[in-house]
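In order, the protein sequences belong to chains A and B.
Just so we're aligned: 185 in my numbering is position 185 of the first sequence, and the numbers increase by one with no gaps anywhere.
Just so we're aligned: 313 in my numbering is position 313 of the second sequence, and the numbers increase by one with no gaps anywhere.
FYI, nobody ran anything at the bench for these hints, they're computed from the structure.
All clues given are correct.
Here are the simulated EDC-like cross-link-like pairs (lysine to aspartate or glutamate), alpha carbons at most 20 Å apart as the crow flies:
| no. | chain 1 | residue 1 | chain 2 | residue 2 |
| --- | --- | --- | --- | --- |
| 1 | A | Lys-150 | B | Asp-51 |
| 2 | B | Lys-52 | A | Asp-181 |
| 3 | A | Lys-150 | B | Asp-56 |
| 4 | B | Lys-52 | A | Glu-245 |
| 5 | A | Lys-150 | B | Asp-22 |
| 6 | A | Lys-306 | A | Glu-22 |
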Amino acid sequence: MATALAPVTLHADAPVNRKLTEEDKLALHRQMVRIRAFEQLSLQHYQGGKMAGFLHLYIGQESVAVGTISLLGENDHIITAYRDHGHALAVGMSMNECMAELFGKATGCSKGKGGSMHYFAPDKNYWGGHGIVAGQTPLGLGLAYGLKYKGIRGAALCYLGDGAVNQGAFHESLNLAALFDLPVIFVIENNGYSMGTSQHRSSAFKSCLAERASGYDIDWELFSGEDIYEVRARTQIAVERAHNESRPSVLEIATYRWEGHSVADANKLKYRTKEEVERHQQQHDPIQIWKRHLLAERVATEDELKQMDREAFKEAEEAAEFAKSSPFPEPESIFEDVYWEVDNRTESGRTGRHFFND
Amino acid sequence: MPRSLSYRHALREAFDEELARDPMVVVMGEEVAQYNGAYKVTEGLWEKWGDKRIVDTPISEAGFIGMGIGASMLGVRPVMELMFWSFYTVAWDQIINNAGMVRYMSGGKIHCPIVIRGPANGGTGVGATHSHTPENIMASFPGMKVVCPSNAHDAKGLMKTAIRDNDPVMFMESTALYGELWDVPMNDELPGGELLIPMGVADVKRAGTDLTLIAHGRAVITCLKAAEMLKAEHQIDAEVLDLRTIRPLDEEAVLQSVAKTHRAIYVEEGKPFCGIGAQVAYLIQNKIFDELDAPVQRVCSLDAPAIYSPPLEKIQLPYPEVVVAKALSIC
Chain A
1 MATALAPVTL HADAPVNRKL TEEDKLALHR QMVRIRAFEQ LSLQHYQGGK MAGFLHLYIG
61 QESVAVGTIS LLGENDHIIT AYRDHGHALA VGMSMNECMA ELFGKATGCS KGKGGSMHYF
121 APDKNYWGGH GIVAGQTPLG LGLAYGLKYK GIRGAALCYL GDGAVNQGAF HESLNLAALF
181 DLPVIFVIEN NGYSMGTSQH RSSAFKSCLA ERASGYDIDW ELFSGEDIYE VRARTQIAVE
241 RAHNESRPSV LEIATYRWEG HSVADANKLK YRTKEEVERH QQQHDPIQIW KRHLLAERVA
301 TEDELKQMDR EAFKEAEEAA EFAKSSPFPE PESIFEDVYW EVDNRTESGR TGRHFFND
Chain B
1 MPRSLSYRHA LREAFDEELA RDPMVVVMGE EVAQYNGAYK VTEGLWEKWG DKRIVDTPIS
61 EAGFIGMGIG ASMLGVRPVM ELMFWSFYTV AWDQIINNAG MVRYMSGGKI HCPIVIRGPA
121 NGGTGVGATH SHTPENIMAS FPGMKVVCPS NAHDAKGLMK TAIRDNDPVM FMESTALYGE
181 LWDVPMNDEL PGGELLIPMG VADVKRAGTD LTLIAHGRAV ITCLKAAEML KAEHQIDAEV
241 LDLRTIRPLD EEAVLQSVAK THRAIYVEEG KPFCGIGAQV AYLIQNKIFD ELDAPVQRVC
301 SLDAPAIYSP PLEKIQLPYP EVVVAKALSI C
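Next comes chain A alone, as it looks inside the complex (with noise of 0.2 Å):
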């Protein structure tokens, strides 16, 4: 039976699949499955009342950022927009962190000042977390102009939605980068739709969206995303260009979200059918196909799997609880955090009136 099911493997032998341990690909089956119960207990949580404002969920997407994560070294980079809960916890945000910002919680990663659009990590090489669309491309050219500017030899991974790629700062990041020959790697996480609107309605394209790479004389490739074997065989050439060639790339990885744009899109089976989206769970579900994988290759069992789900939802779970505990940022806190010189009590940050309430 599993073997049936199990998917085509030409990029598992790529060099940098072969060189994964079972422990290896168990981490990544880990990481996905912790992303998925995450969303799905911020999910009840948020529908609980225990959020305000947006949640964007990265269900059916974990592939991309754990896979693309997953090559990553110590002087490589990572940005994204507002679906970022993702790459977060692949980069290693702990779930307790994550939820208590949801919950505008103290405890939270950002102190409960940015919430689920505003993650950040820079201890983990992890810069955001960015709400405005394409917003955060240039600050992912400037993470790559600084390793260059330093003589680190590293990668900058931009994250972006296929709706971003319509933003005038996305394009010239792009010029910026292949003039200055930085090494950052765009990668478009491309979920079909725009919020409500559908690439073909929100796009003009020859034959995908990277291809507008070839303008700026920058590599592009499209991929699909659903299994990590290939993500991670396609992602490594770029991140080999940026490292050994100091050039950048885009990468369209096809991908689909599960749920809304955000939590409170009410016209998520609107502009898409209700089949659309069942296929799309039933046939490319990322945990599933990288699940066969597993099971065919005989790294783990079904009852392993299982294991590993349980785990990963008592994770959430109690991620809730350490968040619902948490106590809320003090009043005094809005002034923390604002001027870098006046939270560090610096002479310049004691010099003049740096807020202006009565």
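Use these hints to put chain B onto chain A, whose structure you have.
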């Protein structure tokens, strides 16, 4: 022995000294390197410091300003030139949401040691799109610092401080002042061996007893001329207080001066609506209402987009005679 230095030359000295002091400092912008700067502020720096430290960018403000902000998160200290501050509009999201907000939204995990600088003035016949004075707009965002030096001495000292500061500093200069000369001491004449002026400290440019003219940027020069006219023609002795930085703001200096003179006029080249004068007038009436012998007055740019026609443009901006007339109305 004091020497005369132009505003632009003073800025160039500040860059040169900071480039020498800290290898993370990089000067970036349109035409700043090989062209020597659209207004020659960076003249000679590329020849001396080379491609790595002095970087020409394409006309792509959202892209390169955002790039500088991203690099600053990694510890680079970019000094970014906007050829005109008026072009902030095309880099708006990067400046406000990224440089201005990322520290807060990350709960203090990130900071952006970046300077964004360039001329922010009208009066040069370039029409409304190139004549914006956005200091009030920039200062309205907590997280931003805003500096508007009125002369070469302050420009140098404040620029050096701005480059060393760990928060984003919006540094607003004036093309009308770039060629003007002021006394700027040599470093070996200074106690610390260099010229550093803290942000948040105003400066009394002319002491007086009868009213306080408060201003920033080039309007300070207008006030100094008005003060001389008031003295010569009307025996009114005006104090001129130069805020130098808008945020942080030296409120004590304002209150101290007005408590002494009991009359105040805010003079600025920006528009009246929610201008710096509005903020300062609020401050004065709120803190020292009983000290006032007259309502606080304002002289601003006339409230319309910057007009092109040269004779009208000249009277749209504050000039000494209107400041004198306003002073006479309350003295």
